[in-house]
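> Here the protein sequences come in this chain order: D and V.
Numbering-wise, the first sequence is residues 589 to 968 according to our numbering.
Numbering-wise, the second sequence is residues 568 to 983 according to our numbering.
Think of the hints as simulated: they come from the structure by calculation, not from any bench.
Since the model is a prediction, treat every value here as computed from it, not as a measurement.
Even for Gly, the Cβ is constructed at its ideal location relative to N, Cα and C.
Some hints could be false.
Okay, derived cross-link-like pairs now, PhoX-like style, lysine-lysine, Cα gap no bigger than 25 Å in a straight line [what the hints assert, rightly or not]: (1) V/Lys895 <-> D/Lys834; (2) V/Lys895 <-> D/Lys810; (3) V/Lys764 <-> V/Lys776; (4) V/Lys965 <-> V/Lys915; (5) V/Lys862 <-> D/Lys834; (6) V/Lys971 <-> D/Lys897.
The following label-pair restraints were derived from C-beta to C-beta distances [said to hold, decoys possible]: (7) V/Ser816 <-> D/Asp768: 53 to 59 Å; (8) D/Thr607 <-> V/Thr918: 40 to 46 Å; (9) V/Ile570 <-> D/Ile796: 50 to 56 Å; (10) D/Gly804 <-> V/Asn863: 28 to 34 Å; (11) V/Tyr593 <-> D/Arg593: 18 to 24 Å; (12) V/Lys755 <-> D/Val763: 44 to 50 Å; (13) V/Thr698 <-> D/Thr607: 43 to 49 Å; (14) D/Ile878 <-> V/Pro707: 35 to 41 Å; (15) D/Asp787 <-> V/Asn863: 47 to 53 Å; (16) D/Gly899 <-> V/Thr918: 30 to 36 Å; (17) D/Ser809 <-> V/Ala795: 50 to 56 Å; (18) V/Arg624 <-> D/Asp768: 41 to 47 Å.
Listed below are the residues making up each chain.
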Amino acid sequence: MSLRRLPPGFREENIDLDTEEFFVNMGPQHPSTHGALRLALRLDGETIIEVVPHFGYIHRGIEKQAESMSYLQYIALSDRQDYLTAIQNNWGVCLALEKGLGIGVPERGEYIRVMLAELGRIASHLVFYACFGGDLGGQTALLFGFKEREMIHDILDEVTGSRLTTNFFRPGGSVHDVPDTFIPRVTSFLKHLEKTMVDYERFLSTNIIVLERTKGIGILSKEDAIAYGCSGPVLRASGVSYDVRKNDPYGIYSQLDFNVPVTYNGDTYDRYVVRIAEIHESIKILRQCIKQFPEGPYRGQEKASIRLKPGSYYSATETAKGLYATYVVAVSGDKPYRIHTRGPSFANLAALNTMVQGHKISDLVSILATLDPVIPEIDR
Amino acid sequence: MGIMNAVPGLLDPIPGGKHLVNMLDYVANWARANSLWPLTYGTSCCAIEMMSSSMARYDIARFGSEVFRASPRQADLFIIAGTITSKMAPALQMLWEQIPGPKYAIAMGACTISGGPFMYDNYSVIRGANTLIPVDVFIPGCPPRPEALFHGLLTLRDKILRESFRNPWKEGEAIDQPYADRWSEASKAWAELEKIKDEEQAEARRQFKENNPDYKSPYKAVRVKKDAFPEVPRPEAPLIGLSATDLFSIALEQDSSITLYNSDSNEISPDRPNDMPLDIIVSKEKYVELISFLKNDERTNLNYLIDVTAVDWESHFDVITQLMSIEKGHKLFVRVSLPKDDSIEEEKRATSILAEIPSISHLYPAAEWKEREVFDMFGIHFENHPDERRLFVDHDFKGYPLRKDFTHPHIMKRPV
Ligand code: SF4
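So that you can see chain D by itself, here it is in the shape it has in the complex (with noise of 0.2 Å):
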């Protein structure tokens, strides 16, 4: 037992050194920690021994102010959470909302959410794989994955006003109906991505840089992958085929006909695969969507207020990230006695010590880049 003290959060543990054991500090403002996360690293040379992440700079305290908010205003809020998804976040609340409230939404409801979902989540995707190549170091797939995504953005625009904080959904329907240029835009812009997806997954899945870079990189077993709570492309990439959207199917997701891809290595390369399939189900469910799309009310009946008879009402969507929970508990009144998420990326990152010890912190980098995480909605 030495006398030293450590940084806080490391564990005392005896560790065979080839060199000196040192200690680095890595954000909170830093180009490639995704925003205002800091990461302290214990290292032996360049390889890492232990990763601390230290969270809170973007603590926003939206739990405690939903507390004095409406539950309609809080849907705003829960756009700022995971801003990438927003329009997945909204629906997440909503669900928790609809439960308390004993309505469902009509048909065409249905499928105008299903449908902005997956729109949400390509975006998202593209998102990924434009920061994970651009944090391998290639600034052109940079440039691509941002350029597809302003395509989806026009669509956000025009159906709900904004382009990112979308604030679209609430309890029973939507805001408004989409517009009648809404599925001849989606059209053509599956068609202008399923062309381009196949330059794009040509030029990162088999580009050998990027291979030699992820391959057997940050392996994350599938029992560690249970046990730290990961979910979404990260618990998949590990072989356990969960995704809420079939095994516990909300909205219209079990009448649609979509798979879940699921690899089995656990390493950086599948969880960047897995998420590539992903953004192909995804085309597959819109195109679905485009058939099926009906006629009819987008929204149910208005409530004059949005009361939630007196419980604990749970909701659970698969957001691009993961498992999203809203927790919503009503006593009385228009507003939440208290709500909490469970986001996804919080729980995805907790296995990031397990799978970067060992690896350089270059692999760190790619490593945080394939858990995707959104450090707003970390912190709320």
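Here the structure of chain D is known, so what remains is to put chain V with the ligand in place on it, guided by the hints.
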């Protein structure tokens, strides 16, 4: 810049020297205004829009600012994109100090102007970047579109082009005025403007009526008919994994003292919806035992921890452990009710730990951080927790934010 700033004093008295200084100004401003190198700094949503504006579609390179620098020492423009929290504020100020002058700051988004959506009832968000560093241009929006960012850049360009060595760049003084004051003054000024606008509009309407006495509006107000939107019933949820009755009976095998939450009898009603997870109450002593049984039992196999969270009721805390079986898909919420420690004096209650519960992080590694969050937010101590530190707020933060009686000097109540 020291020498250059002395130049006007030396040259201006010489005949023709003024023109020389003007020329130097022109060249220097031209160079500065056309290649502003921004610092890669972004904390939240607005940062994504900042990234979008530097990518293929919007192409910030058209304005000479495509060189995003990761190091403050190579940058001269600070685009503050995203919410600023009190924990991040020192880092932000340090970054600003590390940027060599002449330097400029753009506050992007509502958060950096006033706190934006997080202005009221919030204990951690700083209301405005101008309270920390001098800001040149504010861009409203939540988030501002890339076009708005470009407008901000061009505005800054105009500002730079008007600078001169005669009046060298210098940091402005921070406004020493409480935030609420500025707000009330602004709202007063606004109200006056509104009044003028209303009067002008009333005048215009009167004029119009005078000129067109027989005018009738072609529009009629339309009320949305009630039957245009149907009352949709909640769809029946399918049963996934074990039913609530089965789960409850298995849990009863291990611990016969558990009860159902929010129900008078220990009977599960048959019309309970399937998508409502079973919620059981267990005593603190039996908590770990029950959880480890539920995890290892082959029938329940609750091997996935969704979350550990808590609720503060006035008299007690509820700690809720949300479990799921990843293979079978059923969920179970285990709830422990923890009475608040009454032995602590009234003044110290807000800053002291009021309850204790054993940790389950040896069963679920995922629980480690979630329990830390509950500790951080509620002040509930977890026995045998390997690393119990504050998670989100600063390590010397006083109080526990999610308690119902939490107060903080930074909180500004929303006016009703
Ligand atoms: S202004 Fe709006 S979009 Fe920008 S950081 Fe704040 S909350 Fe996010």
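> With reference to the structure, classify each hint as holding or not holding.
Going down the list of hints, with the structure as the test:
With a C-alpha separation of about 12 Å, the suggested pair lysine 895 of chain V and lysine 834 of chain D falls inside the 25 Å cut-off, and the hint holds. Using a Cα cut-off of 25 Å, the hinted pair lysine 895 of chain V and lysine 810 of chain D holds, with the two alpha carbons roughly 16 Å apart. For the given pair, lysine 764 of chain V sits about 18 Å from lysine 776 of chain V by alpha-carbon distance, which is consistent with the 25 Å threshold. The suggested pairing of lysine 965 of chain V with lysine 915 of chain V holds, with an alpha-carbon distance near 11 Å, which does not exceed 25 Å.
A C-alpha spacing of about 23 Å is found between lysine 862 of chain V and lysine 834 of chain D, which places the hinted pair at or below 25 Å, so the restraint holds. Taking the CA atoms of lysine 971 of chain V and lysine 897 of chain D, the gap is near 21 Å; set against the 25 Å cutoff, the hint holds. The hint said 53 to 59 Å for the Cβ distance between serine 816 of chain V and aspartate 768 of chain D, and at roughly 54 Å that hint holds. Here the CB-CB span from threonine 607 of chain D to threonine 918 of chain V is close to 43 Å, well matched to the stated 40 to 46 Å.
Judged by the Cβ atoms, the range 50 to 56 Å given for isoleucine 570 of chain V and isoleucine 796 of chain D holds: they are separated by roughly 52 Å. In this structure the hint that glycine 804 of chain D and asparagine 863 of chain V lie 28 to 34 Å apart at CB holds, the actual value being about 32 Å. The beta-carbon spacing between tyrosine 593 of chain V and arginine 593 of chain D, approximately 58 Å, falls outside the hinted interval of 18 to 24 Å. About 33 Å separates the C-beta atoms of lysine 755 of chain V and valine 763 of chain D, a value inconsistent with the hinted range of 44 to 50 Å.
With their beta carbons about 45 Å apart, threonine 698 of chain V and threonine 607 of chain D fall inside the hinted range of 43 to 49 Å. A hinted range of 35 to 41 Å for the beta carbons of isoleucine 878 of chain D and proline 707 of chain V is consistent with their spacing of about 37 Å. About 49 Å separates the C-beta atoms of aspartate 787 of chain D and asparagine 863 of chain V, a value consistent with the hinted range of 47 to 53 Å. With their beta carbons about 32 Å apart, glycine 899 of chain D and threonine 918 of chain V fall inside the hinted range of 30 to 36 Å.
Under the hint 50 to 56 Å, the C-beta atoms of serine 809 of chain D and alanine 795 of chain V, about 54 Å apart, fit the expected range. A C-beta distance of roughly 25 Å is found between arginine 624 of chain V and aspartate 768 of chain D, which places it outside the suggested range of 41 to 47 Å.
Going through the hint list in order, the structure does not satisfy hints 11, 12, 18.
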